[in-house]
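Colleague: Got chain A; can you put chain B on it based on the hints?
Protein chains: 2
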Amino acid sequence: MKLYELSLSEGRTVSPFVWRVRFCLAHKGLDPERVPISYHDKDQLAFSGQDRVPVLVDGDTVVTDSWKIACYLEEAYPDAPSLFGSDIARGMGLAFNRWCDHVLLNSLFLMCTPGTYDVTQKEDQPYFAQSRFEWTGKTIDEIRAMEAQAIDSHKKALEPLRQTLAEQPFISGADPAFSDYCVMGGLMWAKTTYRGSLLDDNDPVEVWRQKMLDLFDGLGRGTPGLN
Amino acid sequence: MKLYELSLSEGRTVSPFVWRVRFCLAHKGLDPERVPISYHDKDQLAFSGQDRVPVLVDGDTVVTDSWKIACYLEEAYPDAPSLFGSDIARGMGLAFNRWCDHVLLNSLFLMCTPGTYDVTQKEDQPYFAQSRFEWTGKTIDEIRAMEAQAIDSHKKALEPLRQTLAEQPFISGADPAFSDYCVMGGLMWAKTTYRGSLLDDNDPVEVWRQKMLDLFDGLGRGTPGLN
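Order-wise, the sequence lines are chains A and B.
Counted from 1, the first sequence has number 62 at position 62 by the numbering used here; the numbering is strictly sequential.
Just add 227 to wherever you are in the second sequence, counting from 1, and you've got the numbering used here.
Everything labelled a hint here was simulated from the structure, so no lab data went into it.
This structure is a prediction, so every number in the text was calculated from the model and none was measured.
Please note that a few of the clues may not be correct.
To be verified - Derived DEER-like restraints, expressed as beta-carbon distance ranges:
hint	chain 1	residue 1	chain 2	residue 2	range
1	B	Ala393	A	Val62	50 to 60 Å
2	A	Lys138	B	Met228	18 to 28 Å
3	B	Asp278	A	Lys156	27 to 37 Å
4	B	Lys382	A	Glu75	29 to 39 Å
To be verified - 20 Å max Cα-Cα, derived PhoX-like pairs, lysine-lysine:
hint	chain 1	residue 1	chain 2	residue 2
5	A	Lys155	B	Lys383
6	A	Lys156	B	Lys295
7	A	Lys156	B	Lys255
8	A	Lys68	A	Lys28
9	A	Lys211	A	Lys155
Don't be surprised by glycine CBs; every beta carbon is placed ideally from N, CA and C.
This is chain A alone, in the form it adopts within the complex (with noise of 0.2 Å):
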């Protein structure tokens, strides 16, 4: 089984969505190989037909996708830990998943963007501050002028989140499952591109944050970036 996956500088992954799919894997207690990719190397994808990461390979299948690869995952490996427990969980976490990609990242999209320039590699930056501009029309420095607004804007974001965590250890309940994963995939680009703090120590968010980058021998923790 190998995973396909965009690595910068000090061989950070800084995608969400490979994030979320890192800890499903880890979640079904799977341990791919992982093969970096970086921006100026995105033909070797080529063979999945597309050209994002995460790609994941197991044997003759090959799937794209971080939502359709928690789903193969989930139905390709029925006998290790359930990521959903139930088709109602599975129906609600596609629900969860699109609020994520929609809501949190484009909250955190701002905030991230000058860290994942900086980490990104030299010969990349360029590709990288082009590809931004096209998006947004928006060079990165006028991004980082923005922090603070950025910031204001993802605390808002993980509002129901946070009263879910004041209520409950995991946002799957009593203990983490798909759609910690997929929240934390988000928090995890924070980690590894931004440099400030981003809650506060009390914040049900931040506690449940940092039992999250304990999980699975310290998977998140482990990584380059503020804990």
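Modeller: For chain B alone, kept in the frame of chain A given last:
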């Protein structure tokens, strides 16, 4: 079993929290006696130790708060169809519930408040307008003037669900369950109070809403308001 609910003109139930519980009860195959309350006779709820609907009375048990009622129903009636299907889904259900209350209902607030005023009994309208003025600093007419902005905010809040429902029939997957009722509670507030058309006919949320209106012998469709 009795369900205390706020009832406005034409016996109209507008509370998204009451509707959430009515759908959960129907899912469990339960049909309690409904006890209508008006804004001016909230002291009928004093026995519950608070003054908000819904209140469920099941024999000697009194349960307030729509989330606690859903959890109570799941525990007290384990042989009836499950609202969650797994502990993981119940955990996610709380996050979903908090998202509905914090984001979805906030997005509906400006849109539904003028219509809620209109269907409030004449003698309660001054109380209603005053309480909303205390919350928002705005008169009913000032809120009414914000309609376009309110619709825009509501459509944006629904985006993650729109993407989900483009891929599967219900938020909970193949069949409706708690998360569907949680969202539908909010949209029933809109149906019973808002006179305009909320969503385009081909919006996946609208396609889903029409199916939800038909559930349980037209529980939603049969109530006064635009279908």
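Colleague: All hints are to be evaluated individually against the structure, with a verdict given for each.
Modeller: Verification of the hints:
Taking 50 to 60 Å as the suggested C-beta distance range, the pair Ala393 (chain B) and Val62 (chain A) does not conform, at roughly 24 Å. Separation of Lys138 (chain A) from Met228 (chain B) is about 57 Å and departs from the stated range, judged on CB atoms against 18 to 28 Å. For the hinted restraint 27 to 37 Å between Asp278 (chain B) and Lys156 (chain A), the CB-CB distance of approximately 29 Å keeps it satisfied. Range check, Lys382 (chain B) to Glu75 (chain A): about 34 Å between beta-carbon atoms, so the 29 to 39 Å window is met.
Only pairs whose Cα atoms come within 20 Å are accepted, and Lys155 (chain A) paired with Lys383 (chain B) is accepted, the gap being roughly 18 Å. With a C-alpha separation of about 25 Å, the suggested pair Lys156 (chain A) and Lys295 (chain B) falls outside the 20 Å cut-off, and the hint is violated. Annotation: proposed proximity of Lys156 (chain A) to Lys255 (chain B) is violated, straight-line Cα distance about 35 Å (limit 20 Å). Of the pairs offered as hints, the one joining Lys68 (chain A) and Lys28 (chain A) holds, with about 15 Å between alpha carbons and a cut-off of 20 Å not exceeded.
For the hint linking Lys211 (chain A) to Lys155 (chain A), the alpha-carbon distance of about 19 Å falls within 20 Å, and the restraint holds.
Going through the hint list in order, the structure does not satisfy hints 1, 2, 6, 7.
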